[in-house]
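Undergrad: Hey, can you work out the whole structure from these sequences and the hints?
Protein chains in written order, with the working numbering: chain A, 104 to 440; chain B, 104 to 440; chain C, 104 to 440; chain D, 104 to 440.
Keep in mind that the hints were calculated from the coordinates and are not lab data.
One should not assume that every hint holds.
[As the list claims (entries may be wrong)] Below, in silico cross-link-like pairs of lysine to aspartate or glutamate (EDC-like), each with a Cα-Cα straight-line distance of 16 Å or less: (1) A/Lys431 x B/Glu436; (2) C/Lys312 x C/Glu436; (3) D/Lys220 x D/Asp412; (4) C/Lys300 x D/Asp316; (5) D/Lys248 x D/Glu286; (6) C/Lys330 x B/Glu349; (7) B/Lys330 x C/Glu352; (8) D/Lys300 x C/Asp316; (9) D/Lys300 x C/Asp339; (10) C/Lys431 x D/Glu436; (11) A/Lys236 x C/Asp380; (12) A/Lys300 x B/Asp316; (13) D/Lys340 x D/Asp358; (14) C/Lys167 x C/Glu190; (15) B/Lys355 x D/Glu352; (16) D/Lys330 x D/Asp347; (17) D/Lys330 x A/Glu352; (18) D/Lys165 x D/Glu155; (19) D/Lys385 x B/Asp380; (20) B/Lys236 x D/Asp380; (21) A/Lys355 x C/Asp380; (22) B/Lys431 x A/Glu436; (23) B/Lys385 x D/Asp380; (24) D/Lys355 x B/Asp380; (25) C/Lys385 x A/Asp358; (26) A/Lys385 x A/Asp346; (27) B/Lys330 x A/Asp358; (28) D/Lys385 x B/Asp358; (29) A/Lys165 x A/Asp192; (30) D/Lys218 x D/Glu190; (31) A/Lys330 x B/Asp346; (32) B/Lys431 x A/Asp316.
4 protein chains.
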Amino acid sequence: MKDIQIGLIGLGYWGPNLIRNFFSTRRCKVAAIADLQVEKLEKYKNLYPGIETYNNAETLIKSKNLDAIVIATPVFTHFPLAKVALENDKHVLVEKPMASSIKDAEILIELALGKDKILMVDHTFLYTGAVQKIKELIDNDIIGKLKYVDSTRINLGLFQPDINVLWDLAPHDISILNYICSEKPVAVQAVGICHTKNGMENIAYLTLKYQNDFIAHFNCSWTSPVKIRKLLIGGDKKMIVYDDMEPTEKVKLYDTSFEYNSEAERRTILVDYRTGDIFVPKLSTLEALSGVTNDFVNSIINHTTPVSDAILGLNVVKVLESAQRSIKQQGVEIPIQ
Amino acid sequence: MKDIQIGLIGLGYWGPNLIRNFFSTRRCKVAAIADLQVEKLEKYKNLYPGIETYNNAETLIKSKNLDAIVIATPVFTHFPLAKVALENDKHVLVEKPMASSIKDAEILIELALGKDKILMVDHTFLYTGAVQKIKELIDNDIIGKLKYVDSTRINLGLFQPDINVLWDLAPHDISILNYICSEKPVAVQAVGICHTKNGMENIAYLTLKYQNDFIAHFNCSWTSPVKIRKLLIGGDKKMIVYDDMEPTEKVKLYDTSFEYNSEAERRTILVDYRTGDIFVPKLSTLEALSGVTNDFVNSIINHTTPVSDAILGLNVVKVLESAQRSIKQQGVEIPIQ
Amino acid sequence: MKDIQIGLIGLGYWGPNLIRNFFSTRRCKVAAIADLQVEKLEKYKNLYPGIETYNNAETLIKSKNLDAIVIATPVFTHFPLAKVALENDKHVLVEKPMASSIKDAEILIELALGKDKILMVDHTFLYTGAVQKIKELIDNDIIGKLKYVDSTRINLGLFQPDINVLWDLAPHDISILNYICSEKPVAVQAVGICHTKNGMENIAYLTLKYQNDFIAHFNCSWTSPVKIRKLLIGGDKKMIVYDDMEPTEKVKLYDTSFEYNSEAERRTILVDYRTGDIFVPKLSTLEALSGVTNDFVNSIINHTTPVSDAILGLNVVKVLESAQRSIKQQGVEIPIQ
Amino acid sequence: MKDIQIGLIGLGYWGPNLIRNFFSTRRCKVAAIADLQVEKLEKYKNLYPGIETYNNAETLIKSKNLDAIVIATPVFTHFPLAKVALENDKHVLVEKPMASSIKDAEILIELALGKDKILMVDHTFLYTGAVQKIKELIDNDIIGKLKYVDSTRINLGLFQPDINVLWDLAPHDISILNYICSEKPVAVQAVGICHTKNGMENIAYLTLKYQNDFIAHFNCSWTSPVKIRKLLIGGDKKMIVYDDMEPTEKVKLYDTSFEYNSEAERRTILVDYRTGDIFVPKLSTLEALSGVTNDFVNSIINHTTPVSDAILGLNVVKVLESAQRSIKQQGVEIPIQ
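TA: Structure (structure tokens):
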């Protein structure tokens with residue numbers, strides 16, 4: 104079988120990482136790239152003389168030689184570019200979040216189904232050794248029934264011009280939550296604040312509500328002086344702390360729970376900082392993005408569903424769009440379809 | 104002048120710390136103690152043969168020999184005990200939170216005013232070297248205009264039988280916020296979850312809204328496997344991280360800001376983890392509670408207002424009661440009087 | 104049987120902690136205390152009206168009512184006080200280090216043997232939950248054969264007027280090493296530096312050499328701006344990091360080893376920061392010093408040998424005296440008897 | 104002026120980093136590369152079609168087109184390759200350590216002088232933002248007179264087949280010390296242990312002695328379960344902790360000193376963990392190796408001396424060779440020429 108011929112759009116921050124990883128992925132070839140900036144294209148042309156370069160995304164998409172399109176452009180362009188790509192019978196890998204609205208995401212999914220093409224979203228975090236290990240611990244019922252998820256993802260960061268902090272940072276945690284937890288949220292509440300004049304929130308707090316006694320909360324900020332990437336996962340058997348800033352000990356499993364059998368026990372339970380042993384599993388150190396590129400190529404070749412598929416991508420957009428509405432209405436509860 | 108004669112009610116967790124600190128405070132004497140458990144009284148009688156012991160709080164309060172009553176009992180008893188004490192012309196120091204309702208707190212304040220007695224709430228944190236330094240930095244306009252406060256106060260803790268996690272943990276942060284920030288919140292939103300059967304939330308998220316572009320958010324939990332005590336304070340000049348789990352470097356001042364004058368600047372603002380120097384001030388290592396006991400005694404003697412006065416205590420209760428109502432109504436916005 | 108009657112000498116930094124712990128130890132009573140400062144004695148007399156106070160250590164020692172003497176005085180007084188106590192048929196608990204010289208320590212041991220009295224040294228660290236757990240891991244052959252021990256015990260500390268930093272800080276690590284490792288060192292090498300004019304080293308580095316391929320190294324300093332208490336223990340099966348500054352996760356067990364079977368393996372052995380899982384055992388949170396006081400009292404009552412017995416105390420002094428000689432001779436290797 | 108034509112030898116671990124940085128350095132060109140492995144050469148030939156490739160280092164060195172040779176090969180080959188390069192009138196940048204012996208290093212220096220060529224050693228650490236800031240703090244007399252340097256550089260690492268842990272890890276700290284401290288050591292003492300059968304120490308402790316009251320100590324290990332990169336620098340005015348594992352706060356300046364004027368002061372000096380404020384300067388985040396490549400090229404063009412020049416490289420080798428002799432003689436003191 105011929106190698107999958109890939110065309111990539113967008114040589115901004117993430118595009119070059121995708122190119123690098125596709126170059127070390129078997130059974131595929133980055134055959135063409137597109138960007139609005141000619142100098143960027145020339146730089147890559149020098150490095151990889153065989154590569155085709157396009158100044159126009161649509162021309163690249165319509166190239167007959169390509170099997171798959173990778174879209175690494177600003178969020179508002181995801182939908183139109185992915186749509187044209189699918190219409191032109193290409194497989195699509197699109198950056199997160201998948202689209203700017205639920206409606207757009209749903210149109211893409213239907214189109215992909217009709218065309219029988221892979222539609223995948225680059226939720227890179229799902230492919231990290233840390234999230235893979237957390238998924239394994241939960242699937243093996245080590246954690247027990249999930250009781251809460253609490254994420255803090257804050258730093259001093261680039262204020263994106265076209266999206267607010269929720270659309271920028273929350274997709275990571277929402278996608279992880281979707282991946283590790285089979286229940287779906289029934290409602291969302293979000294509040295935020297915009298400290299600049301463009302109406303884009305730079306701080307936002309998001310709460311997901313579920314039918315059972317589970318809750319998820321996300322703290323997102325571009326205006327923290329320190330970088331924190333901490334996810335707490337509480338089960339009724341054990342709890343996990345996933346600290347992505349730790350160089351090696353990213354995932355810690357705490358032998359801690361809060362199941363109470365009686366009033367007496369509840370009154371006396373207590374209060375040491377922790378109640379049991381801690382286990383710090385060794386994690387795979389493979390680059391997560393190489394997991395993404397391999398999953399995309401293998402899904403195309405084997406007609407399988409990637410881990411980070413379009414349904415997961417849609418679920419993320421559902422939360423984001425509902426959260427956005429909640430923020431604009433001062434935090435009222437918005438049901439999720 | 105005669106030493107202030109103090110009667111203390113409640114020999115539970117905090118009472119003994121108060122006794123120890125009053126013993127090393129000048130111009131006062133712990134003359135009497137009360138508790139329901141006779142063994143506890145006896146233990147203290149052995150240690151301090153001169154001390155009077157009471158098995159009944161009201162009898163102690165009505166003792167003619169006492170000038171001031173210290174109340175270290177469960178929250179629901181704060182109001183009735185403080186009320187009797189004030190009615191009997193005693194100065195009062197009451198544990199936080201001051202009372203179970205705004206109404207109760209207001210009655211106590213009026214009573215104290217009428218009787219011209221000191222009514223003080225033991226918001227110990229205000230007297231820590233860390234909070235004192237933060238107050239100084241803000242008062243000296245080092246931080247600039249406050250833009251946000253973000254607190255995480257979580258641990259694996261004793262589930263209190265009579266109050267939820269908000270009433271237990273949030274008073275610390277609300278009192279600090281009240282102390283360092285002159286603006287008052289106009290509304291509160293809170294969500295929470297109760298994982299036991301008694302209806303007391305063990306996780307709660309609280310957002311305070313203000314008229315200007317300032318926001319405060321508090322993350323409280325009794326069910327975290329790790330203990331976190333982190334308060335971020337963002338100003339338009341600098342930012343503070345106050346990490347109470349750090350043994351010495353509790354307060355860090357970041358030369359970081361996010362004031363944007365133009366669209367151009369906003370677009371290019373960067374992305375390094377921090378943008379300037381950090382300063383870690385030396386803090387006073389005096390025990391905070393000795394600050395409380397000294398402030399109480401001095402306020403009585405000098406007819407001055409303590410730092411942690413009843414108005415601040417009332418403001419804390421206002422937030423708590425409103426937050427409680429918001430939680431029970433699934434997080435709707437509740438205005439604060 | 105009557106409670107053991109204890110007389111304690113020295114109300115400096117550590118004495119009060121010993122008193123507090125003996126008060127909560129069963130089957131004993133602190134009946135008498137001695138100190139040169141009368142105010143200190145009076146303070147305790149007020150607190151404990153029944154206690155006898157002495158301004159002279161020898162008078163206390165010779166009191167007929169006492170069964171055991173606890174010596175919490177400067178190092179140079181350990182020998183004369185312990186000697187008189189043993190000669191007067193008292194059991195003895197003496198602060199670490201046991202004596203200022205090997206010869207003195209040996210005299211005390213012989214005396215205790217002759218008198219059939221308990222002679223115990225307060226190496227408190229042996230009774231911590233951390234060291235108890237490490238001992239258990241080693242005794243159960245989890246770690247394998249010990250390959251190295253590496254300790255850093257540095258801080259900005261009180262320059263002791265009568266002893267150098269080695270005699271102040273190294274006894275902790277040497278006693279731990281003695282406790283967990285059955286092999287005895289054959290030689291010691293030490294270098295140090297004195298930054299003041301009194302000839303007492305404030306920084307010292309100590310290396311212990313053994314007959315097999317094991318090495319121990321201790322880094323001691325009173326002049327570090329940060330406090331570090333870190334002990335690495337390498338076995339051929341696993342390794343331990345004991346960080347005493349961690350509030351709860353003090354002992355970490357690393358599934359890491361460096362056994363090589365062949366040249367090929369040796370060449371390819373890893374470069375990841377670690378090679379396996381980490382396990383963080385829950386530790387006892389009992390106060391270590393209560394372990395000391397209980398062991399002392401029980402050893403007297405049951406005629407048993409305490410964990411921190413005089414032989415271990417002597418072994419510590421052997422290393423200290425030899426290290427001292429090495430320092431004074433610019434680090435030449437000094438054999439240990 | 105024509106760009107400096109560079110030939111690089113050695114495509115192992117570090118060579119590719121050098122190539123990448125020379126590619127982004129102005130006024131130079133990587134014109135040729137050499138390695139024993141043909142596949143590696145081919146890989147680069149594909150990436151950079153214009154590059155010349157050599158399977159033999161000497162042939163590359165003798166190429167008339169080259170102005171400068173970069174040597175990134177095992178230590179024992181540094182001397183012969185650098186020698187031929189200088190003899191063929193090339194400028195030389197050689198990996199650290201410069202050579203396997205003092206004698207070899209001195210021959211190279213003489214040769215470079217005679218040929219009037221740049222001879223530079225790649226002590227990359229000198230070009231980090233952290234070391235540049237430390238140098239600045241010391242040069243501006245912020246630290247005062249240096250009293251001690253204490254380094255811990257340990258991890259679980261590749262056991263090098265041809266050199267021991269001292270030759271592998273210590274050059275970093277010795278070069279930093281040489282750079283920031285004008286005094287030169289007069290003697291060295293080192294002990295180590297080899298846990299494998301090839302006689303190469305995997306743990307080593309090195310002490311440098313000076314004529315004044317300054318001491319330096321280096322703890323090096325390939326067999327620590329945790330990675331530590333911590334350098335303490337004590338001055339009589341302030342102290343520095345340089346922790347290279349910190350993502351951003353690598354350099355901390357402590358307002359801490361231990362100058363004593365009188366016995367009284369000495370006796371009462373503190374016990375708090377620290378005595379003053381801490382300052383954490385913002386550091387340059389430029390890649391250190393780009394500092395190396397720029398310094399090399401600029402030194403060639405401007406006939407100036409690079410920061411990491413051959414004299415500094417020789418001083419490092421002096422310490423290493425003397426330390427090696429000390430280890431082999433059980434730690435006797437070895438004078439440094």
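Undergrad: Does each hint hold? Answer for all of them.
TA: How the hints compare with the structure:
| no. | hint | result |
| --- | --- | --- |
| 1 | A/Lys431 x B/Glu436 | 13 Å, holds |
| 2 | C/Lys312 x C/Glu436 | 9 Å, holds |
| 3 | D/Lys220 x D/Asp412 | 12 Å, holds |
| 4 | C/Lys300 x D/Asp316 | 11 Å, holds |
| 5 | D/Lys248 x D/Glu286 | 11 Å, holds |
| 6 | C/Lys330 x B/Glu349 | 12 Å, holds |
| 7 | B/Lys330 x C/Glu352 | 12 Å, holds |
| 8 | D/Lys300 x C/Asp316 | 11 Å, holds |
| 9 | D/Lys300 x C/Asp339 | 14 Å, holds |
| 10 | C/Lys431 x D/Glu436 | 13 Å, holds |
| 11 | A/Lys236 x C/Asp380 | 12 Å, holds |
| 12 | A/Lys300 x B/Asp316 | 11 Å, holds |
| 13 | D/Lys340 x D/Asp358 | 7 Å, holds |
| 14 | C/Lys167 x C/Glu190 | 13 Å, holds |
| 15 | B/Lys355 x D/Glu352 | 11 Å, holds |
| 16 | D/Lys330 x D/Asp347 | 10 Å, holds |
| 17 | D/Lys330 x A/Glu352 | 12 Å, holds |
| 18 | D/Lys165 x D/Glu155 | 13 Å, holds |
| 19 | D/Lys385 x B/Asp380 | 5 Å, holds |
| 20 | B/Lys236 x D/Asp380 | 12 Å, holds |
| 21 | A/Lys355 x C/Asp380 | 10 Å, holds |
| 22 | B/Lys431 x A/Glu436 | 13 Å, holds |
| 23 | B/Lys385 x D/Asp380 | 5 Å, holds |
| 24 | D/Lys355 x B/Asp380 | 10 Å, holds |
| 25 | C/Lys385 x A/Asp358 | 9 Å, holds |
| 26 | A/Lys385 x A/Asp346 | 14 Å, holds |
| 27 | B/Lys330 x A/Asp358 | 15 Å, holds |
| 28 | D/Lys385 x B/Asp358 | 9 Å, holds |
| 29 | A/Lys165 x A/Asp192 | 9 Å, holds |
| 30 | D/Lys218 x D/Glu190 | 8 Å, holds |
| 31 | A/Lys330 x B/Asp346 | 14 Å, holds |
| 32 | B/Lys431 x A/Asp316 | 15 Å, holds |
Hint compliance for this structure: every hint is met.
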